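Letter by letter, the chains look like this.
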Amino acid sequence: SQQGEEDPQALSIQEGENATMNCSYKTSINNLQWYRQNSGRGLVHLILIRSNEREKHSGRLRVTLDTSKKSSSLLITASRAADTASYFCATDAGSGGGADGLTFGKGTHLIIQP
Amino acid sequence: DTAVSQTPKYLVTQMGNDKSIKCEQNLGHDTMYWYKQDSKKFLKIMFSYNNKELIINETVPNRFSPKSPDKAHLNLHINSLELGDSAVYFCASNPGGVWANVLTFGAGSRLTVL
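Those protein sequence lines, which keep their order, are chains U and Y.
Quick note: the first sequence uses this note's numbering, first residue 1, plus one each step.
Quick note: the second sequence uses this note's numbering, first residue 1001, plus one each step.
Bound conformation, chain U alone (with noise of 0.2 Å):
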């Protein structure tokens, strides 16, 4: 079944603008995790914050965690038209190992407008 729901399902900002993101779960998770995807393209790994973590940067990214709300954000500062893609947070909610995966949301559409 479906972990995350992301908010917005589409976001259109000006260049240099910061766009934000918001993801919901439903289970206990031992990280959370987002991914961008360039139209026609595979998913590309951008930042992973575990469950007891708070909050993480990278870049220009900035993500939030609050474990007790079950819900993330994601934060692009000064938006590049580059930045154009889909979105995703993904939940790690397995015993361990990897063999259990990552299970997705639906994405985020981000367009930055030139």
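FYI, nobody ran anything at the bench for these hints, they're computed from the structure.
For clarity, every value in this text was computed on a predicted model and none was experimentally measured.
Where a beta carbon is used, it is the ideal one built from N, C-alpha and C, also for glycine.
Hints are supplied without guarantee of correctness; some may be wrong.
As the list claims (entries may be wrong) - Distance ranges between label pairs, derived from CB positions:
#1 U:Thr64 x Y:Glu1082: 34 to 44 Å
#2 U:Arg41 x Y:Lys1022: 17 to 27 Å
#3 U:Ser51 x Y:Gly1097: 38 to 48 Å
Following the hints, complete the assembly by docking chain Y onto the known chain U.
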């Protein structure tokens, strides 16, 4: 070198036909997956293999048969194709260890059933 490569990238076929998609990873990962992405971009895990052994088989019709001849390869064979099988199929691999469940995806194979 492409880390996870899938062939073919595009596949157009008639209902009732049998087709295969191949996946190879040169990352030395032990765990590989097949995911299906539908027209609404929802990603769902189909199969998980660890070192050539099937670990997860989600509720996928038995017309879908994965085969892993060695841990670097995971192929997907689909019998008696139906219209609803039209989707993008992604292969992914998992490094395990410290980076367990940070997945590397292939570029996808877009299957269109007419």
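Cross-check of the supplied hints:
1. Our hint of 34 to 44 Å for U:Thr64 and Y:Glu1082 holds, since their Cβ atoms are close to 42 Å apart.
2. In this structure the supplied range 17 to 27 Å holds for U:Arg41 paired with Y:Lys1022, their Cβ-Cβ distance being about 18 Å.
3. Checked against the hint of 38 to 48 Å, the pair U:Ser51 and Y:Gly1097 fails, with Cβ atoms roughly 18 Å apart.
In this structure, the one hint that does not hold is number 3.
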